[in-house]
Amino acid sequence: MSNFKVEGNIINITKQNIFFGEVAVEDGKIKSISKISEQKEGAHFISPGFIDSHVHIESSMLIPSEFARLAVVHGTVSTISDPHEIANVCGMEGVEFMIENGNTVPFKFNFGAPSCVPATIFETAGAELDHDDVKSLLERPEIKYLSEMMNFPGVLYKDEEVLKKIAAAHQLGKPVDGHAPGLRGDAVQQYINAGISTDHECFTAEEALDKLQRGMKILIREGSAAKNFDALIDLLNDWPEMMMFCSDDKHPDSLVENHINQLCARAVEKGINIFNILQAACINPILHYKLDVGSLQINDDADFIVLEDLKTFKVKQTYIDGLLLAENGKTVGNWVKHVEDQESVNHFDCSLKKEEDFIYPFTGQKEIPVIEALDGQLITNRISAKPKVLNQNIISDLENDVLKMVVVNRYHDAPIAVSFVKNFGLKEGAIASSVAHDSHNIIALGADDKSICEAVNLVIAATGGVVALGNGKKEVLALPVAGLMSNHNGYQVAQSYTSIDQFAKDLGSTLLAPFMTLSFMALLVIPHLKLSDKGLFDGDEFKFV
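Using my numbering, you'd call the opening residue of the sequence shown number 17 and step up by one each time.
Hints were generated in silico from the structure; no laboratory data involved. Please note: incorrect hints may appear among the correct ones.
Restraint ranges, calculated between C-beta atoms of paired labels, are given here [claimed, not checked]: (1) His354 with Gln408: 18 to 26 angstroms; (2) Phe560 with Leu390: 46 to 54 angstroms; (3) Glu144 with Leu406: 39 to 47 angstroms.
Using 25 angstroms as the maximum straight-line C-alpha spacing, the simulated BS3-like pairs for lysine-lysine come out as follows [stated by the list, open to error]: (4) Lys346 with Lys369; (5) Lys21 with Lys31; (6) Lys369 with Lys353; (7) Lys489 with Lys443; (8) Lys21 with Lys330; (9) Lys559 with Lys174; (10) Lys330 with Lys243; (11) Lys332 with Lys286; (12) Lys21 with Lys56; (13) Lys306 with Lys47; (14) Lys332 with Lys346; (15) Lys490 with Lys370; (16) Lys550 with Lys404; (17) Lys370 with Lys550; (18) Lys353 with Lys286; (19) Lys521 with Lys243; (20) Lys327 with Lys51; (21) Lys151 with Lys174; (22) Lys243 with Lys286; (23) Lys243 with Lys438; (24) Lys330 with Lys51; (25) Lys404 with Lys369.
Just so you know, even glycine gets a beta-carbon here, dropped at the ideal spot from N, CA and C.
Work out the full structure: start from the sequences and follow the hints.
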């Protein structure tokens, strides 16, 4: 490991000052930081690296090593990573895969023990992790926390299994991540009293403030679908020690564009104090999760970045443990190993479907319940619509944008769940995906049963993937790793995803991220109406419609 020195305007976040000086690195550690003069105009800035404080790596459709390749370019040196998605498909084997693959690169992944596998009893998942499994994961030094406790009703109603998982984390001195969309007042107080310390699900400033005042740390989330930055960012002025930045779910095309660096730039534009911004982006995750990540202090790991300025946050260089991993928008060296030929972990066992499997019989109903998808939100509305009927079957109503949507069990053959959804805008063909939170069954919607059936069968044939078809053509992005991730080069995957995303829009979808929004239509733990492989589900009452 080489010894070297870097000069620039050094940012000391804790002392809230900036001076021109020199950082000396020896054997991967910061040996000394010396001041040369006051802040120098035109010089680059040296800052601790950025940390994504809550992300599902699987949502990038990339394995951890490829995620790292894309993220370091934006100055990200570490993530708090919840392997909940792959655990719901492959159980412990999936978590092991994420840890082992993450260990092949110098990037600092900090994995949690998934707390909700399966996420609910109202869907079919591929695995189950009980409190003993969770405890055995938490006992490992590389597992830093108990991942988001999505089963907030389980916490409130004192479900024994849920409380045992939380207790295991507390006994081992590890924090517990929260997930409590819309929870306020006494209910959220009860949730916090159970020992849950963070939430990334606030979509209004009022909700976030209620939680902050009760001592809960709030993560400002800006992902590919759920975007809460604008609603919450002003709170950072008053609560700098209590807030962090996260992406939660970020698709490969947007990870190519930016990461936490973009949130910093947008916060500066909003007039937020620069030290508060960097406190949230670089320091708070280290303190909260007790991370082995440097914060630009003497004797720390040399995890730091060189920024062009404190407006655009354009990253010139990214160092992790003193290794230069990225420079001027490109990775440096061959530190990402080629894994395309490795055996993939997966869990996929269903047979091809027939068009008649997707029929929804008309039984004289005057109205049908419809899921209203909201662009940029995980939450949905429950509305009603007049059914469109052909040959005594209810079909997609293109004129009113009420499309048939299905969830197909991918773990074994079972009856197909059928419902209807509004706001996707498709005028032709179908889209389908094996990325469907949380159990990752196959989810599809389309203009007609034939297209829906073909799209589902293309996903099955690929043992997982994202599909769009219509206007006489079809595109498939295969995701052979757990039906969630590709094992190809991250930039190639991003290109393929950009193409298929555009194809869905060419078929009429008006959504910003149609596939990301589709993936949340089966997310039962977020209100109000969702579709599981077992049927239409009311997220407020926590029961089937």
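Hints versus structure:
The given range of 18 to 26 angstroms is broken by His354 and Gln408, whose C-beta atoms sit roughly 55 angstroms from each other. Hint check: Phe560 to Leu390, Cβ distance near 22 angstroms, so the stated range 46 to 54 angstroms is violated. Between Glu144 and Leu406 the Cβ separation comes to about 41 angstroms, which falls inside the hinted range of 39 to 47 angstroms. Between Lys346 and Lys369 the CA atoms are separated by roughly 44 angstroms; this puts the pair beyond 25 angstroms, and the hint is violated.
Restraint check: the Cα-Cα separation between Lys21 and Lys31 comes to about 22 angstroms, which is no more than 25 angstroms; the hinted pair holds. As the CA atoms of Lys369 and Lys353 are separated by approximately 38 angstroms, the hinted pair breaks the 25 angstroms bound. Only pairs whose Cα atoms come within 25 angstroms are accepted, and Lys489 paired with Lys443 is accepted, the gap being roughly 15 angstroms. A threshold of 25 angstroms between alpha carbons decides the hint, and for Lys21 with Lys330 the separation of about 21 angstroms falls inside it, so the pair holds.
With a C-alpha separation of about 18 angstroms, the suggested pairing of Lys559 with Lys174 holds against the 25 angstroms cut-off. Between Lys330 and Lys243 the CA atoms are separated by roughly 22 angstroms; this keeps the pair inside 25 angstroms, and the hint holds. For the suggested pair Lys332 and Lys286, the alpha carbons sit about 23 angstroms apart, so the restraint of at most 25 angstroms is met. Of the pairs offered as hints, the one joining Lys21 and Lys56 holds, with about 17 angstroms between alpha carbons and a cut-off of 25 angstroms not exceeded.
With a C-alpha separation of about 22 angstroms, the suggested pair Lys306 and Lys47 falls inside the 25 angstroms cut-off, and the hint holds. Pair hint Lys332 plus Lys346 holds up; C-alpha atoms about 10 angstroms apart against a cutoff of 25 angstroms. Straight-line distance between C-alpha atoms of Lys490 and Lys370 comes to about 18 angstroms, which keeps the hinted pair within the 25 angstroms bound. Under the criterion of a C-alpha separation no larger than 25 angstroms, the hint pairing Lys550 with Lys404 is consistent with the structure, at around 23 angstroms.
Simply put, Lys370 and Lys550 have alpha-carbon atoms about 19 angstroms apart, close enough for the 25 angstroms limit, and the pair holds. Using a Cα cut-off of 25 angstroms, the hinted pair Lys353 and Lys286 is violated, with the two alpha carbons roughly 40 angstroms apart. Among the hinted pairs, Lys521 with Lys243 is consistent with the structure: their alpha-carbon atoms are about 20 angstroms apart, no more than 25 angstroms. Distance check on the hinted pair: Lys327 and Lys51 sit about 23 angstroms apart at the alpha-carbon level, within 25 angstroms; holds.
Proposed proximity of Lys151 and Lys174 is supported: the alpha carbons are some 18 angstroms apart, at most 25 angstroms. For the hint linking Lys243 to Lys286, the alpha-carbon distance of about 16 angstroms falls within 25 angstroms, and the restraint holds. Between Lys243 and Lys438 the CA atoms are separated by roughly 20 angstroms; this keeps the pair inside 25 angstroms, and the hint holds. With a C-alpha separation of about 24 angstroms, the suggested pair Lys330 and Lys51 falls inside the 25 angstroms cut-off, and the hint holds.
Only pairs whose Cα atoms come within 25 angstroms are accepted, and Lys404 paired with Lys369 is accepted, the gap being roughly 24 angstroms.
Hint check: violations occur at hints 1, 2, 4, 6 and 18; the rest are consistent with the structure.
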